[in-house]
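Assembling the complex is the task here: the two chains are given apart, and the hints tell you how they should meet.
Residues per chain are reported as follows:
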Amino acid sequence: MKEEALKIINEVLAQGRKSLVEYEAKQVLKSYGLPVPEEKLAKTVDEAIKYAEELGYPVVLKLMSPQILHKSDARVIALKIKDEEELKKKWEEIHENAKKYRPDAEILGVLVAPMLKPGREIIIGITEDPQFGHAIMFGLGGIFVEILKDVTFRIIPIEEKDAWAMIRNIKGYPILAGARGEEPADMKAIVDMMLKVSQLVDDLKDYLKEMDLNPVFVYNEGEGAMIVDARIILK
Amino acid sequence: MEKSRIVEELKPFFEPKGVAIIGATDKKGKVGNVIFENFKVNKEKGIFKGNIYPVNPKLTEIEGVKCYPSIKDVPEDADLAVISIPAKFVPATMKDIAEKGIKSVIIITGGFGELGEEGKRMEQEILQIARENGIRIVGPNCVGVYVPETGVDTVFLPETKMDRPETGAIAFVTQSGAFAAAMLDWAAMANIGIGKMVSYGNKLDVDDADLMEYFMYDDQIRVITFYIEGVKDGRKFIETARKVTPHKPIIALKSGRTEYGAKAASSHTGSLAGADTIYDAVFKQTGILRAEDFEHMFDMAKAFAKCKLPKGDRIGIITDGGGAGVMASDAVAKFGLKMAELSEETLKYMKEKFPPHAVAGNPTDVVGDTDAQRYKIAIEAFVNDPNVDVIVVITLFQVPLLDEMELIDILAEYAKKSDKPIIAVAMGGKKTEYYAKILEDKGVPVYLTPERGVRAAAALVQYVKYLEKLKE
Numbered sequence: 000m001k002e003e004a005l006k007i008i009n010e011v012l013a014q015g016r017k018s019l020v021e022y023e024a025k026q027v028l029k030s031y032g033l034p035v036p037e038e039k040l041a042k043t044v045d046e047a048i049k050y051a052e053e054l055g056y057p058v059v060l061k062l063m064s065p066q067i068l069h070k071s072d073a074r075v076i077a078l079k080i081k082d083e084e085e086l087k088k089k090w091e092e093i094h095e096n097a098k099k100y101r102p103d104a105e106i107l108g109v110l111v112a113p114m115l116k117p118g119r120e121i122i123i124g125i126t127e128d129p130q131f132g133h134a135i136m137f138g139l140g141g142i143f144v145e146i147l148k149d150v151t152f153r154i155i156p157i158e159e160k161d162a163w164a165m166i167r168n169i170k171g172y173p174i175l176a177g178a179r180g181e182e183p184a185d186m187k188a189i190v191d192m193m194l195k196v197s198q199l200v201d202d203l204k205d206y207l208k209e210m211d212l213n214p215v216f217v218y219n220e221g222e223g224a225m226i227v228d229a230r231i232i233l234k
Numbered sequence: 000m001e002k003s004r005i006v007e008e009l010k011p012f013f014e015p016k017g018v019a020i021i022g023a024t025d026k027k028g029k030v031g032n033v034i035f036e037n038f039k040v041n042k043e044k045g046i047f048k049g050n051i052y053p054v055n056p057k058l059t060e061i062e063g064v065k066c067y068p069s070i071k072d073v074p075e076d077a078d079l080a081v082i083s084i085p086a087k088f089v090p091a092t093m094k095d096i097a098e099k100g101i102k103s104v105i106i107i108t109g110g111f112g113e114l115g116e117e118g119k120r121m122e123q124e125i126l127q128i129a130r131e132n133g134i135r136i137v138g139p140n141c142v143g144v145y146v147p148e149t150g151v152d153t154v155f156l157p158e159t160k161m162d163r164p165e166t167g168a169i170a171f172v173t174q175s176g177a178f179a180a181a182m183l184d185w186a187a188m189a190n191i192g193i194g195k196m197v198s199y200g201n202k203l204d205v206d207d208a209d210l211m212e213y214f215m216y217d218d219q220i221r222v223i224t225f226y227i228e229g230v231k232d233g234r235k236f237i238e239t240a241r242k243v244t245p246h247k248p249i250i251a252l253k254s255g256r257t258e259y260g261a262k263a264a265s266s267h268t269g270s271l272a273g274a275d276t277i278y279d280a281v282f283k284q285t286g287i288l289r290a291e292d293f294e295h296m297f298d299m300a301k302a303f304a305k306c307k308l309p310k311g312d313r314i315g316i317i318t319d320g321g322g323a324g325v326m327a328s329d330a331v332a333k334f335g336l337k338m339a340e341l342s343e344e345t346l347k348y349m350k351e352k353f354p355p356h357a358v359a360g361n362p363t364d365v366v367g368d369t370d371a372q373r374y375k376i377a378i379e380a381f382v383n384d385p386n387v388d389v390i391v392v393i394t395l396f397q398v399p400l401l402d403e404m405e406l407i408d409i410l411a412e413y414a415k416k417s418d419k420p421i422i423a424v425a426m427g428g429k430k431t432e433y434y435a436k437i438l439e440d441k442g443v444p445v446y447l448t449p450e451r452g453v454r455a456a457a458a459l460v461q462y463v464k465y466l467e468k469l470k471e
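If you read the sequences in order, they're chains R and V.
If you're matching positions, the first sequence starts at 0 in numbering that gives the first Met the number 0 and goes up one per residue.
If you're matching positions, the second sequence starts at 0 in numbering that gives the first Met the number 0 and goes up one per residue.
Since the hints were made in silico from the structure, they are not lab data.
Here are the computed distance ranges between Cβ atoms for each label pair:
#1 H246(V) with E37(R): 44 to 52 Å
#2 M161(V) with P183(R): 56 to 64 Å
#3 K6(R) with G229(V): 36 to 44 Å
So these bits of chain R aren't anywhere near chain V, every CB distance computed over 10 Å:
#4 K1
#5 Y22
#6 E181
This structure is a prediction, so every number in the text was calculated from the model and none was measured.
Glycine is no exception: its CB is placed at the ideal position from the N, C-alpha and C atoms.
Bound conformation, chain V alone (with noise of 0.2 Å):
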């Protein structure tokens, strides 16, 4: 598939000039007046920029926008249609949304294919329809599409029951829609960006793989994240993230671990092979990242959508508590990362600068009584240090002469002007995570644990290392 027909194909899902929606009503609290609200809200703030135009034949205007009886009777500019209609309207509207010339379609509604044999006759209608239209649709039976910087929210959780993520670099894509309010919402509170946003739901059409591709393609995206249950084409499915994963890491977190098919196998090889397995094997071939769990992903995702790529897997260490060292050395072996071994160089210009009580070496401890300028000058040595390929800056914010903004305006200086990454623990309570949210705001990604940010660092390392290996 060539780059401008996926793009183009996609792009109104994510910047649409016109957005008609297909069930908009004034009744608080249903899916179509949620969607509607969505969108008028963000038009209101001057982040949707396109036009907004409810489709509902029992209704002349909605909160003062004017509503119109069919999708045949909007504006030429209604690129993007949002269906939240009974599922049994649905096939009829497409035939109306095909004549009419919209080329993207999410459909909302459930009710289709995971509810039997009516739902999935519905489903290939609607497909051939779509087919022989060019139209690309996301859904049927799905949350849809979110993305902050544009103001395009189908997501039908109202924001009195659900926050929004800030905009940011890292793209997910869900077949659950529970599962994208949920992690919207969770992602918000942990101060994590979220560029863009699918719930595809049953994955009529639009699929992993034209996600993966369009998302390569983006450039606000540096990251791809994806949860998953199952795939439809895996031929299609490696393919695409073989081509996708040179350009942009693509981390996934698969549910359903269990093996299945076990007991039919009559090979060795056939009882073992569990889905699981084909899974991580899937994931090593095409260079995907595999996430344990969703902090992981999440974890993982945020490094990627903050640092630069490191050189190596060298890890130096900075830290003002000794026992955080000690635990962030531990996850260093136990991710299959190296220590450091500093210069000379670094060590001389340390021990110069230091306290006599400070210790330079890796870990670094900089110890209790530090201010920001002793973190500045270890922050400094290891930047300068070509043995060194990843920074992991543990700060307890705690000690009581440290200026917390002066370290976040250090740390944030170095993470944009040094060519390695940088990785932040800051381990607390209310006012740490005050803190760190400043010093994510700027730029660096910060972890609750010294296990966390070596475990993020890994996957910049073996995104890294697999890279190389394509070169090889």
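Here chain R stands alone, though its shape is the one from the complex (with noise of 0.2 Å):
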């Protein structure tokens, strides 16, 4: 676990780098065990071609900068890619918008990915303050966090009750526990990644500022989670 994670993080350190691509962030978090998607980094298009045949298609191709923070705003994702023609074209076009965006980003590949199943957005996140130490954020993604706020925090290390009573603590808490007739959301599998988060910062606190899992996304009870995306930003 934690020697796994130190791995990337120091390699990451050693490149002059303080932000884990995507790609370097979920092998940090999958080293505890956090639900992350079977992905891998393509180098060339041919690798990409490969591995998207692996997965099986639709995939998606997320383009890897350390550059580039923001992939949506770089439009350096592609979606529901379904063939290996469409697969060559938008190769090409998210390296063309890279170049747009950021001139000067260094790619370190492209991550391809399976088409995930759509979930409840949630996000996790992870901040440090200089007066209590790391704390860990809970709440719903999209809208919820980006207009609302609706988000809490507590200091890290957290117990199980204090992540049971974040879940419950944000106003948005009824669209997990399954308003209007929606079957409530795996709200173990929330905790469990919670506490593993926890214990990852605990571990890598000399080392880690901030860092978001966002979208997270949260299927039924006893279906589990996944990580759609990452973000890790080192001291």
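In structure tokens:
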């Protein structure tokens, strides 16, 4: 867990970088048993085609560059790619977009990922407070965090009861609990993720500055959750 | 930190055997004179039982009390030193204090860290002397300590300008000296008893965590209140608060609710984590009750100081005015509490004894022609009803047939013998204020509006729920 994560972090630091690209961040998360999709980093378009075939279409392409933290803004994500032909086209497109967005962008590769089944979106985040140390944030994703700022914080490390309290604390809780005939979300999976994140951050607190797991798809009770995108910023 | 250590270390601040006042003077109105006077007057009144040793090389006596040229010359029983001399002389004085063996020091003097580099350097020098010699420091740049029960009063604002509150079960801790003075003055007027007040200014040594730990072991204190601007050691604060809140409620008022650092953050989380959000998290995690404002803090504190803890969140309301009952019911909903569903027996009991126009229910309205006995019937019924956890009694003292003193005695009697908290609400003017004070002196907290009374009840419930969660 810690050794594996540290190895990735140290490699990034050795390259003079402070932020992990999504692929690296997810490897760190994976080493702590957090749920990340089966993804592969392709250096060439042929590699991407190979990985897409292994995963099975449709797939997602995400260009990895330390200079591009906001991938949607830079339009370097291509969703729902249905075959090889489209993949080739999108490969070119996202590389061009990257160049337009940041001509100096260093490209580490392109993440080939399966198209995930949508779920209710949550966000789990980490920030460091100068007085109290690292804090964990929980909230619903999308507009709930962007506009309504419906989030709650606790100081790391947290216990299981803290995680439950955080989930129940947000105003959007009924959306997770299952409002209007919807099935309840897999709350245990959220609690499990939060405890693992707490452990991870406690272990790596000397290195981590900020972290966002955003969005995380949470499925119905018993069906788990999946981290769709992740960002880690080092001190 | 084991009990004996913190209690032993801080005890002389609150009950010194002998106090040395370094910088005491006979010049009226000077800080060193006001502090000396405070102790002297309290000694004359028989409240302060220790000895007073003014220290000033230029004087041989102040108002008939022997004055010593140096701290080194004061008798051996001095265990607290209060310093009010210019900042530049403080480091040397600290050395003398260390040599003398005094372990508790209140540095009133300002002009240290808050003024810049030289001040910070002096602070570090002082702190080093303290650490090397096991000295604990309150301050510098503070008004120090006020303990009405033992007569310790280093608040350098004279009694002619600032009233002192009576003794009580509330501990109040604040960084700001101005706030401390204003609060004490106000508490005196609002009839809020303060057990111990500490204003620690620059917080060079003794901090929030030390004090909350001390107050946890202090039998006089039932509730600890903090006015917080910032915390130095966040981890220590959290750990100590976690240790204390299962034993005593802590209430905090945090200033500076604006967000900082948000611009620098590059992640979502970073941009949402303002200082205030983090404090909210700390308070939730440690069970500290957060006060919205000054008034709220003392409304809550008063309830904890005077009431027993409820078993649950079901509120029963008794009133002699319909409107006030509705306001209280609204507040019950607003603060997330429940209206108690009275048992059949309770309703039957009240209906049998009430005249037909009085309303048995929740709220129970004993109506405007009530006397104290009708209130008694309702209170008794509510006390005996297992469906009621907290009783809010709205007493509009203005109604003509009500004997105020009789009602006060009834309320005080049930507040004492029932295991349920009883909270009184008295709306009105001067006459109401007069009776409210009597009622509070008899141990029942009184609030000026139904909303404030119910909000105080909500704090009791919130704390009880926290305690229950700890047991899970």
